[in-house]
Structures are given as C-alpha cells and as structure tokens.
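Protein chains in written order, with my numbering: chain Z, 1 to 312; chain X, 1001 to 1447.
Treat the hints with care, since some could be wrong.
Unchecked claim - Below, simulated BS3-like cross-link-like pairs (lysine-lysine); rule was C-alpha separation at most 27 Å, straight line:
| id | chain 1 | residue 1 | chain 2 | residue 2 |
| --- | --- | --- | --- | --- |
| 1 | Z | LYS84 | X | LYS1427 |
| 2 | X | LYS1335 | X | LYS1051 |
| 3 | X | LYS1043 | X | LYS1316 |
| 4 | X | LYS1276 | X | LYS1190 |
| 5 | X | LYS1396 | Z | LYS84 |
Source of the hints: derived by calculation from the structure; they are not laboratory data.
If you want the building blocks of each chain, they are given just below.
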Amino acid sequence: MRPHSPTAKPITAKATPRRRPPRGDKLAPYLFVAPFLILFLVFGAYPLLKSVVLAFYITSGPRDQVFVGLENFRFLFSDPDFWKAVRNTAVYTFWSLALQVPLGLGLAILLNSRWVKGREFFRLAFFSPNLVGQVFVGVLFSVLFVPQYGLVNRFLHATLGLPLDTRWLAEPQLVMPALVMTSLWMYVGMHMVYFLAGLQAVERELYEAAMIDGANSWAQFWHVTLPGIRHVLIFVVLISTIGSFQLFELPWVMLGRSPGPDGAGLTIVMYLYINGYVAGDLGYASAVGWTLALGLLVISLMQLRLSGAWKG
Amino acid sequence: MAQFPYGASAAVMAGLAVASGAYLAMRRTQQQAADLRLWTFAKPHADAYRKMLPDFLRKHPNKRVDIQVVAGEAVTSRLQAAFWSNLDVPDLVEVEISWAGSFFRGRLESIGFRDLTERIHQSGLWQRVVQARFAPYSTRGRIFGIPHDVHPVMLAYRRDLVERLRIDVDRLRTWDEFAEVGRRVTVPGKRFMMELPPSGISSLEVMLFQRGGGYFDANGRCIMDNEIAVETLKYYVPLVAGKYRIGTDLGGGQIFTRALEDGYYLFMVAPDWRTKVIEQDVPKVGGRMALMPLPAFYPGGRRTSTWGGTMIGITKRCADPDLAWELIMHLYFNKEALAEQFRNTNILPPARDMWDHPAYDEPRPFWSNQPLGRLYARLAPDTPPQYTSPYIGLAKAKLTEALIACVQYYDRYGARGFDGFVQQQLKRSADEVRRQMRRNPYLDETA
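All chains should be modelled from the sequences, with the hints used to inform the complete structure.
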C-alpha cells in the first residue's frame, strides 16, 4: 500500500450537512438518459421480448399468427437444412479460426519487429480490407473466382497447371474454400491490429530476462509472448467465433443471393433470413434466432472456461 | 446560452434535436402528395412508364402519379415489411415472378394485394391475355396480378460460327437431333454447343415447363417429382455431365459477354428480355446472332417455354383502386406505347391484340435481320403456364440440390443405376417441400 502524501489532508469524520438538490437537478439525469432509454425500449427491448413470444407461433405477417407451442423448435431440429447450415457455419468457423488467428498473430509479430522497414505501410495495407464492407468484398471476390477468365483461376493455371474452368462458386465442395479464402483476406489484418496492440504491451524486460536465462526464440514466444497476450488472444478467438457464426452478407453476395449449389454456402443467419423474409415466417425465424443466440452463449462460455479467462 | 445550467454543448445538442425533429415532423413528403404511387424494380420499365404518363395525366389533370424504382430484391423485402406494418405501402407494385408467391402465404383476406379476378373477367382481359400468364400470380383460384409480359423462349445462337461448323438449324427440330450435333462440335474447355448450367436450374426449368411440368400444379400441390420431372432431369443431366456433355456455363455479366464473344457457347436459351441483354452487353456480335425455336422433346411437340416475368398488383392500401386500374390499362394495354416499348426492351406484351402492330415485324440488324417480334409472337400462344406457391423459393432450392446430386452421380457412375437415383432424389426434394407446406395452416384452403 502506498503511504499517504505528507501534504494530503486527513479525512475527518466531520461531514458537511446534506443539501437537497433543487427539483430540476434531480430530474435532469433522467431527461438526458431518456432519449436513449426510449429508443432502446422501443427498438431493442420490445423486439427482443416480442421475438421470444413469436418463436412459439407460425406467422405470415402480424395478422396471421397461430400458436404452435414448441413446434417451431421441433421442426427446426428435424430440418436437414438447419443442420446443413450448422455444419457449414461450424466448418467456416473452424477454418476461419485455424487460419486467421495464427496468420494474424504471425503478421503482428513480423510487423512488430524493428528490422522490418515500412512497417506502418504494411500495417495499413493488411488492415485496409477491413475498411470496406462485406458486400464490396463479396462482389470483388465473386469476380475473382469466375471460371475461365477469373484471376484466381488464371493464377492457379499459370502456377500449378490447374484447369481454367474450375467453378469455385458453383461446385459444392469448392464453395467453402472460396469463402474461407475471402474472409481470410478480409479479416487477417484486423486480428493483426489486435495482436499488435497486445504485443506492444508486453514488457521488454521480460524478453531480456528470458534471454539471460538462455531462452531461444521459440521458448521466448511460448513462455513470454503468448502469456503476455493471452487476454488479447481470448478476445480475438471469441469475437472471431461470434462473427463467424453470424456470417451472412459475404456468402449471400458471392453466391448470387442464394445458399449456393447444394446449399454449400448456407449459414445459420442465412437460414434465418430465408425463413423470415423470403418464406415470410417470422415466428420460425425467431426460433432460429434464439437458438443461435443460446448456442453462441454456450460456445462463448465454454471458450472462456477452457481458456481459463475467469481465473484472471 | 450561458443561463443553460448544463453548459453550452448540451444547449446546442438539445437545440439541434428539437429543430431536426420539428423539421422531420412538418415535412410534407413527395409520397404523401401523390395520388398514386407505383413501385417497380426495373429501371427500363420506369423509364417507359414516365414517357407514357403525360397522356394519362391529360385525362386526369388533377391527379399526381409518382413512379419509383426500388432496386431488385429490396422491392420484395420493403413491400413485405410495408404490408406487415401497414405503413408506406405503395398503391401499385411490380413484382418479379419468382417472388410473387411469397406474398400469397397467409389467408386470402390477409394478402396485401387486391383480388383482381372479377375486374379481369369483366374487362375482357381474361380473353385478351395469354391465359397461362395469370397462373404465376394466382393462388387458391384468385388472381392478384396482371402480367406484364409473356416471355416466350427461343434459342439464340452465333450464326457465323454455326454456319462455319455447317450446322443446319432447320434440322435441329428435336432435342435429340440437337444433342447429336452438339456432341460432334463440343470441345470441352474450348467450345460448347450450348450454355447449360450443371449446377443451376435456369435451363432445366425451361425444359421442365416446355414439357408441361413444373413445381406446383394449378391447385398448389407440389409436383416436382412427377414423371415429367423425372424424365426431364434424366434427359438434362447427360447434357451437362459425363464424357459426352454438350453444355456448361461460366456465369453472367461480363463473363457471359466474354464467353459469347469468344464463341465459348454456340447456342443459349433466350427469352425475349434476354435478347435485349445480349444486344446491350455483347454489341460486338451484332449481325452475327440469330434466333430459332426451341427443339421439341418429340416430333411435333411444343417449340417454346418461358423464363421470367413480372406482374403488377394493386395494394389494399390504395385509396383509389379504379384510378389505379385505369393506370394499369394505360401502361400495359396501350398499343402504340407498347410498340415503342417493345422497340426499346424487346419484351412482347401479354395481350394478343397488341401483336399486329408493324413494330413486331421490323427486321433487327443485330439478329441477322430477323423480325424478332414476329418470331416471339408466333410462339407466345404456346407458352406453358408456371404455377406458383409461397414455397416456390424452397422448391427451386430443392430442385437445384437434386440436379447437383444427379450431376455428381452421373460424373462418377455414368448411366448405371442413374434412373433410380434421379427418381429418388426428386422424391426426397419434393417430400421436403411438402413437409414445409404441411406446416402452413393457411394453405388448407388449397386443393
């Protein structure tokens, strides 16, 4: 505990008499909070509560609603399309994490070292895909993946001799690799920025001490860097998981506003959108939405528990 | 401002909030001022209607009509939201054929469009219009939309290349004859007889409709696993899969342009609207393109099909449905204006009595001086119906799944066991659609 400064005044038990604030002053904080509170209640809390109720109805607009109890959830768990969406989303999430996180970390370490010239430029270059939205990236990559004339096929043909007419977005087994590659380009820079911030907070003295103890680069990374950025790593994995499970715009745009061939690009949120806004059953879509929310909560809690985040 | 107890910043923010709120509350919007508001998703439609509007307004000098372009899919989602909230609903809306069914999901009385069945019969439109075109805009025996078009289908082809390869198009009367020639001239990776997607259903649908099949029957029952569907899929898959395939596709837009310029495809399915797309997107092949009727599935069979479409409907919120109806008659059944519109869009209007205008006989230099309008008009009465359902989107997705599974099977195993596999895949797809339909308590009125 720090000692008190000699000049600090001792705290006396003598309290000044309490004065009632004027009536206007009492009301003022509530008035200032009111706009947010009203908007939140109308556009946040009410729709949330309404969607809980709707999840137990089959609907066709607000006037046609039939109470069906748990039927929406029963149908959801027996619908092969839902499980296809879950599988696709899980595969996408796995590959996104498996590629984006290590690559983001690798780039951050590279661009954090002093011997790399033009670090600021590269940081901006890697981060810049984040400045454009998923829709833009979707349009861009749908052109790059075109058979016969697309840049990806041209490059693979020139370097590996692969056929020019590879249909990345029309063959079910190629859709997911195309989506993962696209999202890698888009998000690796963002993860790099988070890791950079984490790396810069690791004290240099720790590395010096490790070197004195004879630790090589790998040992330094494993025993100094990783523990030093543990909280950033947990955060990145968590937001990547949540973001991956909410994937929608990218495949929707790349696959021409459809789930793609054989539903290979169908994600959970796309499934929700199709049922809510294309088929018009907001009740069923609400059931999907709450299932996704609960699923994400469970996954996030599991991740936090496994990573030991609660132990501080 | 110095008197404001919470400082200047708070005073400015409060002032701005009050001022902007007051402005928004008092603003008289354009849409409130118009007597009729029409939404369309197609800019060429809007441009054509704006040209036709002055004549209509001369008859109704005190009225105001506002035509708004609401892009693509947004027209559907915005309209759905407008119907649900009963706010900002336009008076008239054009809806694309594949989306129309999604508005017919609930009880008949809850559908956001007015039932036009009586008006259509009383006005004689039922006799004037190709009747098959009312099918996509009907549900449970009631009609909710007027068709904007017929969209008969022909085959467009690179005449110069076809002549160089000594293909006599007059002898391509059946799909069998077409496929036989196709196998002779196709060089995979370099040149294909026809643009036929192996993982998309646009051309498969065309063939399905041509044979009299479809997704749903007139009563809204799912028929996508009936004998016609099985036979069509069995016929289609070997055209796009296996060693002797004659068709593929690369994609739309600039890729299609490039492929057509390069002669990657010789033939392609061409409804009337697509001929304009080809004219605009691939001007380099002008004068070297031509059209021919679809080959039939059997000698003397139907030589056309249909692809795409648009309806116009009057919403229940429309305060003056008689005026809205009059506007539809003016925009959709005005002979002179439609002839001009045809010159700009190549889209054949749905009423037969419009087709005797000389515009439809004009030779088109882009199409090797063929009279494009007359070619389509000759085939139009034979256009097959395509019945819809709120589940049309799901049915299309399931047919795509079946197609892809069959293509993969055929690529791997060829014809061995293929017939049974096709049957099984279609049955599975149709059962999925039926399972979803059974959940809808409002469709009990069907059948």
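Which numbered hints turn out to be false for this structure? Structure breaks no hint.
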